[in-house]
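Participant: Here is how the chains run, residue by residue.
2 protein chains.
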Amino acid sequence: MTSSVYIALDAMGGDHAPEMVIEGTEIARSQHPDARFLLFGDENRIAPYLARFRRLAEVCEIRHTEQSIAADEKPSQALRRGQESSMRLAVDAVKEGFAGVVVSAGNTGALMAISKFVLKTQPSIDRPAMVSFFPTRKGRTAVLDLGANVECSAGNLVQFAVMGAAFARIELGIDRPTVGLLNVGVEELKGNDTVRSAGEALRDVDFGFEFAGFIEGNDICEGTVDVVATDGFTGNAVLKTLEGGSSMFVDFMRQAFQSGIPSKLGYLLARPALRRMRARIDPRAYNGAVFVGLNGISVKSHGGTDGAGYANAIGVAIDLVRGRFTERIQADLEKSYVIPQEPADEAPQAAVS
Amino acid sequence: MTSSVYIALDAMGGDHAPEMVIEGTEIARSQHPDARFLLFGDENRIAPYLARFRRLAEVCEIRHTEQSIAADEKPSQALRRGQESSMRLAVDAVKEGFAGVVVSAGNTGALMAISKFVLKTQPSIDRPAMVSFFPTRKGRTAVLDLGANVECSAGNLVQFAVMGAAFARIELGIDRPTVGLLNVGVEELKGNDTVRSAGEALRDVDFGFEFAGFIEGNDICEGTVDVVATDGFTGNAVLKTLEGGSSMFVDFMRQAFQSGIPSKLGYLLARPALRRMRARIDPRAYNGAVFVGLNGISVKSHGGTDGAGYANAIGVAIDLVRGRFTERIQADLEKSYVIPQEPADEAPQAAVS
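Protein chains in written order, with our numbering: chain A, 80 to 432; chain B, 80 to 432.
No lab work stands behind these hints: they were computed from the structure.
There could be a bad hint or two in this list.
Repeated chains share a single entry, so a pair holds when one copy, or any two copies, can fit it.
As the list claims (entries may be wrong) - Calculated lysine to any residue pairs in the SDA-like style (CA-CA distance at most 20 Å, straight line):
hint: 1; residue 1: Lys174; residue 2: Tyr85
hint: 2; residue 1: Lys153; residue 2: Val265
hint: 3; residue 1: Lys414; residue 2: Val138
hint: 4; residue 1: Lys414; residue 2: Arg255
hint: 5; residue 1: Lys217; residue 2: Gly176
hint: 6; residue 1: Lys153; residue 2: Gly264
hint: 7; residue 1: Lys174; residue 2: Val400
hint: 8; residue 1: Lys217; residue 2: Arg359
hint: 9; residue 1: Lys217; residue 2: Ala130
hint: 10; residue 1: Lys217; residue 2: Gln337
hint: 11; residue 1: Lys153; residue 2: Val329
hint: 12; residue 1: Lys153; residue 2: Lys217
hint: 13; residue 1: Lys343; residue 2: Arg333
hint: 14; residue 1: Lys153; residue 2: Glu122
hint: 15; residue 1: Lys217; residue 2: Gly287
hint: 16; residue 1: Lys217; residue 2: Glu322
hint: 17; residue 1: Lys153; residue 2: Arg124
hint: 18; residue 1: Lys153; residue 2: Gly382
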């Protein structure tokens, strides 16, 4: 029998907290009978709602906090003023060993700042990063960094690749995941100094994954690799562009089905199949971005998600604790880390789109 | 009555050249009766096919070339060895004043290298860029740079904004287009030094467009602005990611409609509406990327497009010639160019996704 996993929840984080958090936790409980939850937040709001879920209440403990972090609070402010907030105390619980992981649907910048301040960057890692799955034709691909670092060195990119591989290994259950470096072309001379230098380092060393070389933007949804490593500026732009594009596409489709009686009837007939299709790109199924590279695991849920999405983020968190995520990254890096070399003398090449 | 516009065509560029080129030119001819075409390529292949289109043949001149640039040829090689190629001679025709614009569906890297070498960068512009339209909820948004420059300074970004605005003014017919700078957040302190510095310069000077400040990836398909300026690395990644995402989405939809009799029947009923929806994101309608910032206009068509897509690229080319695109950029820059200031002292802020 496996031992219990303890999860610290920022019960006040998210657009519909704490109700959404409790509903999500109830779904997660039914899927993970060994999970135990510490709910940080306003007991007066949590307790009455939690009482509706009798079996959930048995595996939850409420840790009352007066304070919570606002959605628009600056990270620096959240750090200074939020020392008794539900988010901060939930992160503290990981640091103090009361929980194996923290999950919050609150302010992303605040969660990153607090997690980094409290948990500290793990040895051998220079910069923590944000990773999450994208939907692809073949399943799911992990992409990082999604915005924690707006400027990255070649060494950062190499570390992102290692952390992304550890993430994919646990979440996808693949022993040697494939990792690609996002670039403007696949040839070795393509891109800027940073990517080319990272590419050389990844080609030269075995970090316990298959380095697939450079990949391009279209390879993400193609599912060419299990992990895509890129700097936080590009990763953030790519993530949000794809979110915007998917949402536009779904709306265009909805409008098409509402234009006239035959279309509406057509929709009714195709509805079950279309629902299965929607499920393949349902953002809730990809909910749960992980702040990686710290001495402890911090999971960010979308603020606007519902219970099903929140349960997914909790699921990611539980997998990472069980897979000993932090230890695994450390082991990979200690085994094989090298300092990236300067790139060869060839001139940089522009993209050939 | 307007005077004729002369267009130089690389008749050998593209996966299905020269037939596709001739079919596309025939469509463009019917839409633009004043256009005249110079077809550069193998006369033995062009002439027999062109003869099938009697009215088109009357407005075309074939310029025979023995040589053509291969799809996989390196740009440097194309420059050295391709001096008598259909692509090179078509670009030369613009330089020599025989044509107002060149269109090619051939090797992108080669076209960029040859266009830059032959036409030269225009005064006041440091780096030419690649621009094209993306589909949005509200219509179309021009995005640049799509990959000509893998590393960009703040000054480059400011110039991209000016060139993109001139492009949108002509193609969208908007007097004062709105321009946004792609970043990881909308607040002034977000991003790296380069974007923040470009943001300051754009806020401080009136370049003849409305600077909308920073925008995020999701704003592209949202249609928040008419023009999105970004570095060529990010622009290329965003373009290809969205192309991959759209193609995945369309395939998922196709699979959904093929799964069982009711879905197939539903598809038949909804087909007209779904076709209108597909038309809104049809890549052919967005075909025609323009290499901007040169003393002459060079338009790149997708290599795999069909006649309808190629005709669209020719349409973009004709609009730019009629709108005196190159002169307009020059005028905007001479009117108001400033050297970007160093950014304020605040520390860079990471993304809050």
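Participant: Tell me, which hint numbers fail for this structure?
Facilitator: Hints 3, 5, 9, 11, 12, 14, 15 and 17 not satisfied by this model.
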